[in-house]
Structures are given as C-alpha cells and as structure tokens.
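Listed in order, the protein sequences are those of chains A and B. Under full-length UniProt numbering, the residue at position 42 of the first sequence is numbered 42, and the numbers go up by one with no gaps. Under full-length UniProt numbering, the residue at position 158 of the second sequence is numbered 158, and the numbers go up by one with no gaps.
Don't read these hints as lab results, they were simulated from the structure. Where hints are given, some of them may not hold.
Stated by the list, open to error - Simulated crosslink set (EDC-like; lysine to aspartate or glutamate; CA at most 20 Å straight-line):
id	chain 1	residue 1	chain 2	residue 2
1	A	11	B	144
2	A	11	B	109
3	A	11	B	147
4	A	11	B	142
5	A	11	B	79
Said to hold, decoys possible - Label-pair ranges, simulated between beta-carbon atoms:
id	chain 1	residue 1	chain 2	residue 2	range
6	B	144	A	219	40 to 50 Å
7	B	144	A	121	36 to 46 Å
8	A	21	B	231	52 to 62 Å
9	A	76	B	123	32 to 42 Å
Backbone N, C-alpha and C define an ideal beta-carbon position, used for all residues, glycine too.
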Amino acid sequence: MIAVGALLHAKQLSRSPFEIATALIIPVVQATLAVYLFRAGGEPGRLLEAAVGAGLMGVWSSVLFGSGGAIQNQRWQGTLEMIMLAPRPPALVVLPITLATAITGTYAMVATLAWGRLLYGIPLTFADPVAFAVAVPGCIVGLGMFGLLLASTFVLMRNANALTNTLEYPIWLVSGMLVPITVLPGWTGPVAAVLPTTWGARAVREAATGSGPVWPSLGICLAISLACLVLGALMMTHVERRARAAATLALA
Amino acid sequence: MSEYAIEAAGLRRTYRSRTGWLRPQRREVEAVRGVDLTVGNGELFGLLGPNGAGKTTTIKLLNTLLIPTAGTARICGFDVVRQTREVRRRIGYVFGGDRGLYDRLSARDNLRYFAELYGVPGREQKRRIAELLELVRLAGRENERVEGYSRGMRQRLHIARGLLHRPRVLFLDEPSIGVDPVAARELRQTVADLAATGTTVLLTTHYMAEADELCGRIAVIAGGRIQALGTPAELRHHADGRRVLEVEAYGVTDERLAAIHALPRVREASLEVIGAAQVLAVQSDAGVDVQADVLRELDGVRLGRVTARQPTLEDAYVAIVNRVDERRSPEAVPA
Numbered sequence: 001m002i003a004v005g006a007l008l009h010a011k012q013l014s015r016s017p018f019e020i021a022t023a024l025i026i027p028v029v030q031a032t033l034a035v036y037l038f039r040a041g042g043e044p045g046r047l048l049e050a051a052v053g054a055g056l057m058g059v060w061s062s063v064l065f066g067s068g069g070a071i072q073n074q075r076w077q078g079t080l081e082m083i084m085l086a087p088r089p090p091a092l093v094v095l096p097i098t099l100a101t102a103i104t105g106t107y108a109m110v111a112t113l114a115w116g117r118l119l120y121g122i123p124l125t126f127a128d129p130v131a132f133a134v135a136v137p138g139c140i141v142g143l144g145m146f147g148l149l150l151a152s153t154f155v156l157m158r159n160a161n162a163l164t165n166t167l168e169y170p171i172w173l174v175s176g177m178l179v180p181i182t183v184l185p186g187w188t189g190p191v192a193a194v195l196p197t198t199w200g201a202r203a204v205r206e207a208a209t210g211s212g213p214v215w216p217s218l219g220i221c222l223a224i225s226l227a228c229l230v231l232g233a234l235m236m237t238h239v240e241r242r243a244r245a246a247a248t249l250a251l252a
Numbered sequence: 001m002s003e004y005a006i007e008a009a010g011l012r013r014t015y016r017s018r019t020g021w022l023r024p025q026r027r028e029v030e031a032v033r034g035v036d037l038t039v040g041n042g043e044l045f046g047l048l049g050p051n052g053a054g055k056t057t058t059i060k061l062l063n064t065l066l067i068p069t070a071g072t073a074r075i076c077g078f079d080v081v082r083q084t085r086e087v088r089r090r091i092g093y094v095f096g097g098d099r100g101l102y103d104r105l106s107a108r109d110n111l112r113y114f115a116e117l118y119g120v121p122g123r124e125q126k127r128r129i130a131e132l133l134e135l136v137r138l139a140g141r142e143n144e145r146v147e148g149y150s151r152g153m154r155q156r157l158h159i160a161r162g163l164l165h166r167p168r169v170l171f172l173d174e175p176s177i178g179v180d181p182v183a184a185r186e187l188r189q190t191v192a193d194l195a196a197t198g199t200t201v202l203l204t205t206h207y208m209a210e211a212d213e214l215c216g217r218i219a220v221i222a223g224g225r226i227q228a229l230g231t232p233a234e235l236r237h238h239a240d241g242r243r244v245l246e247v248e249a250y251g252v253t254d255e256r257l258a259a260i261h262a263l264p265r266v267r268e269a270s271l272e273v274i275g276a277a278q279v280l281a282v283q284s285d286a287g288v289d290v291q292a293d294v295l296r297e298l299d300g301v302r303l304g305r306v307t308a309r310q311p312t313l314e315d316a317y318v319a320i321v322n323r324v325d326e327r328r329s330p331e332a333v334p335a
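Produce the entire structure from the sequences given, and follow the hints as far as they go.
Okay, here's the thing in structure tokens:
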C-alpha cells in the first residue's frame with residue numbers, strides 16, 4: 001500500500017504546473033546562490049560541496065512544502081477526508097504522501113547539480129560515487145519519514161502553510177546544508193544534532209567530497225528518521241482524533 | 001448482526017471557532033441539536049433539509065469524520081467513536097460536487113489508490129475496478145485524467161470509489177448536486193440498484209422528487225433537529241387539507257413574497273427559480289381561494305401560467321421547514 005500510494009502521489013504531484021515551474025526555477029536560484037556565496041568567501045575549490053548543499057536545500061524544501069502543501073492540497077481537493085476515512089492507521093495513510101514529496105525532491109538535487117555544471121562549470125567528480133548514490137536516496141527516505149512527523153501537525157492546522165514558511169530557512173541553516181555548522185552559534189549544536197537533516201546533509205557531503213566516513217552519518221540520519229516515523233505514527237493517531245473533534249479535516 | 005444498520009440517539013454537534021489574536025472572539029454554532037434515528041438493514045433512507053439544516057454534519061457524525069459533542073451513534077452495531085475502524089470497514093461515503101478525487105490522475109489510478117487504502121485484496125482489485133467502471137458507465141474512459149471529466153462523470157467515479165470495498169452502509173451526501181437531469185436520472189437508477197442488492201443507503205438531498213422516487217422513509221431535518229419522519233405518503237399528510245396556487249412569474253422580490261406570506265388565509269409561500277422564470281407556490285386551506293389576493297400583490301410583475309393543484313411532497317416539506325423557521329425567528333439562525 002505504501003509503494004502504490006507513494007507512486008500515485010508522486011504522479012499527482014509531478015503533474016502540477018505549479019510544481020513543474022517551481023522545480024525548473026528553484027534549482028537554478030539555489031545553484032547560483034551557493035556558487036556566489038562560496039566564490040565570495042574565497043573558496044572556489046569547494047564548489048561541488050556548495051552545489052550538493054544547495055541540492056539538499058531543494059530536497060528539504062520539497063519535503064517541507066510537499067508535506068505541508070500536500071496535506072493542505074488534500075484538504076482543498078476534499079481528499080483529506082476521504083483518505084482519513086480509510087480503515088487504516090492514519091500514519092500509513094499519510095506516509096506515502098510524505099515519501100512521494102521526498103521522491104519528487106530527488107529531482108531538486110539532480111537539477112541543482114546539472115545547472116551547477118551547465119552554468120558554472122562545477123566539476124561533478126564525487127570522491128565516492130557509490131556512497132553518494134546510496135547516501136542521497138537514504139537521506140531522502142529519512143527526510144520523508146521526518147516529513148510524517150511534520151505532517152501530523154499539518155493535519156491538525158487548517159493554515160499549515162504558515163508553519164512551513166517559518167521552518168524552511170532555520171532548518172537549512174542549523175543543519176549545515178550550506179554553511180558549516182562550526183561557524184554557527186554554539187546553542188544551535190544540540191538542535192542540529194537531533195535533526196535528521198543535519199546527518200543526512202553530512203553523509204551526502206562526505207560522499208561527495210571525501211571529507212569523512214559516510215556510513216556512520218547516514219546511519220544516524222536513518223536512526224533519527226525512524227524515531228521520527230514512530231513518533232509521527234503515534235502523533236498521527238492522536239492528531240486524527242483531535243482533528244475529528246475540532247472539525248479540521250475539511251476546509252470548512 | 002445488528003437489527004439496525006444505523007442508530008443515532010441524542011446526537012449533538014457544536015462547532016467552536018476563534019477569530020482574532022489580541023481580542024479573541026469565540027463563536028459557537030450548534031449544527032445538530034439532538035438527532036434520534038434508526039435505519040434498518042437494506043433500507044434506502046432520505047435525509048431532507050434546507051442549507052445549514054445539519055444534514056452534512058449528521059452524516060459526518062455517523063461516518064466517523066466528526067466526533068459528536070453529545071449522544072451516541074452505531075453503524076452495524078459498532079460505536080462510531082470507540083470502534084472507528086470497524087465502522088470504516090463497513091461504510092462508503094460519497095459527496096456531491098467536483099472535489100474528493102485526484103484530478104491529475106486517471107479514474108483507474110484513483111480507484112487503484114482507494115482500493116489499496118480501503119483494503120481491497122490485491123488479487124481482487126483489477127476485477128473489482130473493472131466491474132465498478134462498468135457499473136458507473138466509465139469503462140473505456142478509465143485511462144483519461146479526471147480533470148477532463150464532466151461533473152456527471154466525476155460523480156459516477158465518486159460512487160465507484162465509495163463502493164470499492166463493498167460497504168454495507170453507503171452515505172450519499174447530495175450526490176446529484178449540479179448534475180444535469182439525464183445524469184441525475186442515471187445516478188438515481190444506480191442508487192436504486194444498490195439498495196436492491198441489500199446495501200443500506202442514507203441519502204441527503206435537496207431534491208424532493210429524488211427523495212420521493214428513491215426513499216422508503218424520509219426524515220426532514222431543520223434547525224439541527226428531525227422535524228418529521230415517515231414514508232413519503234405519510235409526510236404528504238403534513239400538507240393535508242390544503243390547496244396550492246402556483247404562479248409562474250418574472251421578477252418577484254423578497255418584499256412581495258413576504259407580503260404574500262402575510263396575507264390572511266395564506267399558510268405558506270415559497271419561490272423557486274426554474275430557468276429564467278420564478279415559480280411562486282402559495283398554500284392555503286383547501287376551501288379557501290386566495291388567487292385574487294395573491295394576484296393583487298403581484299400587480300406590476302410579469303406573470304405566466306396560474307394553476308391550482310393538490311399538494312405534493314415538496315409542499316409538505318415547505319410546510320414543515322417553514323414551521324421551524326417561524327418558531328425560531330426570534331433567535332439567531334445557526335449556520
């Protein structure tokens with residue numbers, strides 16, 4: 001059910017003209033941002049790292065806006081009530097949606113790297129191509145599971161979009177997708193350590209640049225994501241009941 | 001097996017909302033104010049009422065989408081609050097309008113997804129989907145995207161979706177809304193066929209003819225309460241001893257309608273728009289002729305056909321609903 005659901009949601013998402021336009025423009029902006037940021041910082045040699053970071057930003061945006069937006073879209077389409085009415089645990093119903101958003105997010109990574117290569121001549125020479133090929137999907141699956149935890153909040157809130165907007169930039173920054181965590185204030189350290197995005201970004205960067213062992217970071221990313229999945233599943237059951245009491249499954 | 005497919009006792013639902021941050025204002029709307037009803041296995045039961053009467057809220061309380069503020073409800077003997085999953089396995093829900101489907105997917109993909117969600121075994125899915133596409137006459141169009149479908153086709157796809165897991169109880173919430181007359185007739189046939197196979201159907205509708213044709217029993221709901229319940233023939237008695245004057249007109253204002261309603265010996269007055277014309281229905285006691293008074297009030301309005309006839313189910317419905325409105329007129333009207 002999870003596979004069929006994720007596939008069909010990915011199909012529905014990828015046919016949206018808005019999603020297509022966003023997917024074409026955002027990676028160019030992100031690749032440009034990353035390249036100029038690193039050039040200005042006098043570190044042109046780390047352009048690949050910058051492009052990978054920018055790609056991860058795209059994946060995160062896709063999961064965040066995808067999970068929040070998808071739940072909100074389901075509400076607008078009138079399908080949220082129909083799917084929550086299924087005789088299945090609510091987490092099983094919502095997980096395919098968040099996984100689908102992560103799958104479509106893969107495109108953001110590929111497109112950012114491609115634009116970086118085409119526009120700025122960034123060489124795509126990965127230190128460990130095999131590890132990179134494993135780390136990226138691993139990181140994406142992890143983010144999809146993290147998305148479930150976020151989605152549980154979105155089921156409850158009619159104006160979920162407000163929350164997604166406020167979460168986008170802080171998570172980029174704190175997870176070290178673009179700027180190394182070491183240059184951030186010390187208090188962000190514990191926050192970064194519990195976010196799967198931090199470890200996922202680290203694993204992908206390590207695979208691309210060879211700056212460290214990939215598997216421990218990827219393992220921690222997936223372990224935290226699994227914890228998010230369990231927590232999200234528990235939350236979802238609670239939240240579904242609250243949404244029925246508060247009448248927030250429908251638009252009005 | 002429970003004696004009844006649907007049981008509700010003292011069902012109430014209050015919506016609470018809050019607006020504003022600095023000076024938050026809380027608002028409460030009592031949409032359902034104590035509904036009691038039972039629907040037998042295999043019965044086709046109608047729930048009739050004006051907009052905001054509480055029809056959709058009642059259906060959502062019964063199909064587990066909302067939790068009641070008070071009262072209890074059971075579907076096939078299972079409690080809608082405590083045994084949610086057992087209830088969901090046995091029900092289908094179809095609502096009217098354009099929403100509730102994945103527009104960028106084909107009809108087949110929509111059905112495939114909902115078949116997975118509703119637990120139709122994998123080996124049965126293909127056969128069941130083909131069977132339902134045939135039933136709702138979408139076979140041959142199943143690979144087209146839903147966004148290209150007419151409203152009637154969408155509505156038929158909705159019904160197919162609601163039937164995927166062979167529910168014992170089907171909730172149809174205004175399924176014929178916005179559907180053209182031919183499609184509506186086909187829809188009624190589909191619903192009648194379902195009831196004939198033993199599926200219990202709870203149908204809400206605005207259309208009297210639809211309820212009259214399909215339903216064994218009808219409950220008229222208004223102001224969040226059931227105001228009358230019975231067979232269509234029994235409900236017609238609410239307009240016994242009356243006659244109806246029907247006037248085709250063009251340009252009757254609310255003020256004129258109110259003035260006609262206030263005429264002595266007029267019991268009810270309602271206005272319906274049919275195409276470019278308005279049809280004014282004025283009910284009076286059977287032995288009383290109010291035609292002259294009514295036509296005087298319509299002085300200056302372009303008129304068409306004027307006829308007198310026996311009351312129908314629709315007249316009985318208007319009488320029941322207007323009685324509620326008159327009783328509640330001093331207080332605020334809930335949404």
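Violating hint indices (sorted, rising): 5
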